[in-house]
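Asks: Counted from 1, the sequence shown has number 652 at position 652 by full-length UniProt numbering; the numbering is strictly sequential.
Hints are not guaranteed to be accurate.
[To be verified] When the alpha-carbon atoms are kept at most 27 Å apart in a straight line, the in silico DSS-like pairs for lysine-lysine are as follows:
id : residue 1 : residue 2
1  : Lys801    : Lys557
2  : Lys50     : Lys24
3  : Lys594    : Lys557
4  : Lys168    : Lys205
5  : Lys213    : Lys175
6  : Lys801    : Lys834
7  : Lys317    : Lys220
8  : Lys175    : Lys220
9  : Lys50     : Lys93
10 : Lys577    : Lys594
11 : Lys24     : Lys93
12 : Lys168    : Lys213
13 : Lys116    : Lys93
14 : Lys262    : Lys313
15 : Lys93     : Lys175
16 : Lys213    : Lys313
17 : Lys432    : Lys471
18 : Lys175    : Lys217
Please keep in mind that the hints were generated in silico from the structure rather than gathered at the bench.
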Amino acid sequence: MIKKFDKKDEESGSGSNPFQNLEKSAVLQEARIFNETPINPRRCLHILTKIIYLLNQGEHFGTTEATEAFFAMTRLFQSNDQTLRRMCYLTIKEMANISEDVIIVTSSLTKDMTGKEDVYRGPAIRALCRITDTTMLQAIERYMKQAIVDKVPSVSSSALVSSLHMVKMSYDVVKRWMNEAQEAASSDNIMVQYHALGLLYHMRKNDRLAVSKMLNKFTKSGLKSPFAYCMLIRIASRLMEETEGGHDSPLFDFIENCLRNKHEMVVYEAASAIVHMPNCTARELAPAVSVLQLFCSSPKAALRYAAVRTLNKVAMKHPSAVTACNLDLENLITDSNRSIATLAITTLLKTGSESSVDRLMKQISSFVSEISDEFKVVVVQAISALCQKYPRKHSVMMNFLSNMLRDDGGFEYKRAIVDCIISIMEENPESKETGLAHLCEFIEDCEHTVLATKILHLLGREGPRTPTPSKYIRFIFNRVVLESEAVRAAAVSALAKFGAQNDDLLPSVLVLMQRYDHMTTVGVIQSHDHIRGPWVTDDEVRDRATFYMNVLQQKQKALNAAYIFNGLTVSVPGLEKSLHQYTLEPSEKPFDMKTVPLVTAPITEQKIDVAPVAASKVPEKLAPSRQDIYQEQLAAIPEFQSLGPLFKSSEPVQLTEAETEYVVRCIKHTFANHMVFQFDCTNTLSDQLLQKVVVQMEPSEAYEVLGYVPAASLPYSQPGSCYSLVHLPDDDPTAVSCTFSCTMKYLVRDCDPNTGEPDDDGYDDEYVLEDLEVTVADHIQKVLKPNFGAAWDEVGDDFEKEETFALASVQTLEEAVSNIISFLGMQPCERSDKVPENKNSHVLFLAGVFRGGHDVLVRSRLALADGVTMQVTVRSQEDTAVDVILASVG
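Start from the sequences and build out the full structure, keeping to the hints where you can.
Replies: Structure, rendered in structure tokens:
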């Protein structure tokens with residue numbers, strides 16, 4: 001029965017999918033008509049279509065119901081209707097893995113496979129190979145060999161593709177069909193030749209010499225199939241990459257010759273292969289780029305798109321090689337296909353000269369409103385890259401981006417623009433005020449809470465340092481008055497930073513804070529009276545305003561640095577757990593924040609995070625960090641329960657090669673006075689069971705090894721962990737660096753290769769590992785200090801020391817900065833890890849916490865002359881931490 005849809009249904013889109021509301025039980029009930037006589041091909045065909053639709057939609061068929069439907073379907077082989085028969089083949093393939101006894105149709109499929117009806121033979125081969133297992137494969141081997149070289153292309157292709165699937169199941173049997181596949185590879189049919197080449201490659205792909213011989217044969221004899229040529233190009237590229245063949249290789253010559261093939265598909269494949277080759281020079285890329293340049297003016301949109309997309313990728317590594325195509329790319333800016341136009345403009349942005357920036361920006365503005373947000377994001381990212389290349393053009397690009405901000409668009413699009421403006425400000429300090437002005441204008445009408453809080457956080461960090469910080473106060477206070485709780489919370493925090501850093505603005509900020517506190521209090525009273533006014537607010541926002549107001553009234557730099565600028569650096573889940581533990585064990589001692597684990601993933605300053613949001617917006621439970629997990633694991637081991645809170649866990653250090661019989665890596669866990677070395681071991685020998693595994697350590701310095709916790713058993717391929725406990729030196733606290741020689745010792749029990757059962761007796765053995773180094777970075781945890789100057793003042797100069805060093809082996813400031821950060825393991829602050837171009841001096845700011853919970857700050861002044869000279873000033877709240885830094889650098 002055909003359901004009639006009225007006009008309303010058509011407009012709403014219902015009825016576009018006739019199978020939309022199918023129920024599995026109803027379809028299986030309908031499948032009973034397969035048993036009726038005579039068979040109704042049309043109705044049966046419709047039911048089979050429903051079954052295949054349900055299977056492809058992920059509907060689960062039980063084994064019993066699938067088997068019943070399958071057996072009913074086999075009766076349809078009695079019908080001679082061609083369409084119904086081919087649908088039966090398709091259903092067999094879909095139900096092969098969920099039905100039982102599918103082999104029952106083998107004889108019917110074999111009959112169709114060897115019959116005279118060519119239209120049945122190909123699909124029958126595909127279905128038969130899908131249900132055949134290794135025990136039955138030899139029974140049809142003769143038929144498969146004949147089918148591979150059959151004169152009917154569809155039959156030959158079906159046999160070749162089926163053989164390709166069966167290579168995974170029974171490689172040895174399929175390998176015997178090699179001669180037939182070789183014969184099929186010389187077929188005049190383009191698809192047969194392509195499938196034959198694919199089968200030959202997959203049978204030989206693990207033998208590099210055989211693949212090389214095959215390539216040599218076919219590259220010389222020539223092929224008729226453009227698909228086969230494309231496959232040959234890919235195989236040749238892969239082989240060149242594996243053998244690290246140079247561009248003087250015969251394979252490269254073959255790929256380059258394919259640039260002159262008569263088929264556009266082959267030409268593009270060859271050009272794409274060349275531009276994706278590693279270590280390709282601009283001269284070697286030239287022939288491929290020339291071909292892609294011709295495609296840019298092709299009447300076919302697919303070729304134009306392929307060409308400009310590939311040139312876009314080339315421009316990332318070799319912009320000079322694409323410069324010759326700039327005229328063709330400019331013609332594509334007005335292409336009717338906006339995807340092509342967008343790729344053209346982003347490629348030009350990567351290859352254009354500084355003088356062309358203004359013209360490019362003008363061209364983009366003419367069509368940017370017509371493309372989707374997805375492509376707008378691509379344009380914004382290209383502008384960001386161009387601004388890094390030509391920093392003097394930042395004003396042109398900033399104005400263009402501000403205009404884009406005013407246009408309609410989704411969250412991802414707006415976020416990309418905001419990120420781009422922020423990156424321009426960070427790379428070009430002179431653009432800071434312009435960028436802040438554009439962002440302030442944007443948040444006046446911003447609908448996205450995440451972006452508003454992000455910009456307010458930026459204003460709080462950068463605004464107080466501008467020549468006229470007072471002009472930003474209005475924008476911030478407007479957010480306090482008009483926005484949601486999360487934005488108000490961020491605005492209050494930003495406002496506090498202005499008062500903390502600018503004495504002239506402090507009275508005004510305090511007045512605004514008092515006014516806000518009064519308004520929120522009135523709002524709370526109104527909300528209790530069930531009057532919904534504009535000041536109904538979250539408690540945290542009011543509390544935050546009250547807290548900041550009281551801190552600012554103290555007028556103490558140390559308080560401002562600790563509670564307004566830099567805040568807490570501890571792990572929130574760790575703090576929650578420590579506070580809970582403190583309440584369970586009453587003590588007369590006050591709670592010590594130094595016992596709380598530090599946050600293990602500090603936020604980098606390049607990625608500006610949002611300010612803390614109101615409590616109602618925070619997820620109910622924060623996921624534990626990597627260090628929190630290690631803390632819990634180590635605390636569960638009795639030998640380590642008295643060590644106190646875990647200070648830091650290192651990244652894994654490999655102590656063996658990847659291919660060795662035992663794989664061992666070490667994670668260094670640092671505590672206040674001890675270190676625990678966790679050795680994760682894997683036994684890769686299937687004929688051995690290792691027991692009582694320990695790693696003995698011999699220190700080069702005054703470290704004392706206290707004991708070992710063995711791994712009880714290491715079966716084949718099952719990782720296990722053993723531990724070593726080491727006491728840090730008491731006599732010389734500055735001796736933090738040490739090298740340990742490590743030897744893994746264990747009891748070996750040989751295993752039966754068939755059953756895996758170990759022998760009753762074993763023998764002791766050992767395995768020498770790589771040496772393990774402990775450096776100063778293992779004793780220091782990275783922490784972020786957004787305002788380094790405030791943190792410097794907060795720590796004070798009670799334990800300040802200064803020394804000068806010459807870095808003899810370093811020739812550039814960039815290298816010196818990178819080496820210092822890596823060696824000390826501290827967090828760079830205020831983007832001081834970015835060295836400006838053409839500078840002979842630089843100041844690097846580093847922040848960290850020394851084990852025991854003592855803040856450490858380093859100011860390193862670098863000067864470039866014959867080498868690099870470094871003046872290091874270290875401040876800390878404890879003398880040992882300062883001495884450790886200077887002793888390590890020295």
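Asks: Is the Cα-Cα distance between lysine 432 and lysine 471 27 Å or less?
Replies: Distance of about 14 Å is within 27 Å: holds.
Asks: Quick one, are lysine 93 and lysine 175 close enough, alpha carbons at most 27 Å?
Replies: Status holds; Cα separation ~24 Å.
Asks: Take a quick look at whether lysine 213 and lysine 313 sit within 27 Å of each other, Cα to Cα.
Replies: violated, 32 Å
Asks: Taking only the CA atoms, is the gap from lysine 801 to lysine 834 under or equal to 27 Å?
Replies: holds, 25 Å
Asks: Is lysine 24 within 27 Å of lysine 93, Cα to Cα?
Replies: Roughly 19 Å separates the two Cα atoms, so the pair holds.
Asks: Within a Cα-Cα threshold of 27 Å, do lysine 801 and lysine 557 meet the stated pairing?
Replies: Within the cut-off at roughly 22 Å; holds.
Asks: Hey, lysine 213 versus lysine 175, does the alpha-carbon distance stay inside 27 Å?
Replies: holds, 17 Å
Asks: Mind checking the alpha carbons of lysine 116 and lysine 93 for me, to see if they're no more than 27 Å apart?
Replies: Within the cut-off at roughly 22 Å; holds.
Asks: Between lysine 262 and lysine 313, is the straight-line Cα distance small enough, at 27 Å or below?
Replies: holds, 25 Å
Asks: Would you check the hint for lysine 50 and lysine 24, treating anything up to 27 Å between C-alpha atoms as holding?
Replies: holds, 9 Å
Asks: Is the Cα-Cα distance between lysine 577 and lysine 594 27 Å or less?
Replies: Judged against 27 Å, a Cα distance of about 14 Å means the pair holds.
Asks: Quick one, are lysine 168 and lysine 213 close enough, alpha carbons at most 27 Å?
Replies: Answer holds: lysine 168 to lysine 213 is near 23 Å, not above 27 Å.
Hint compliance for this structure: hints 7, 16 are broken, all remaining hints hold.
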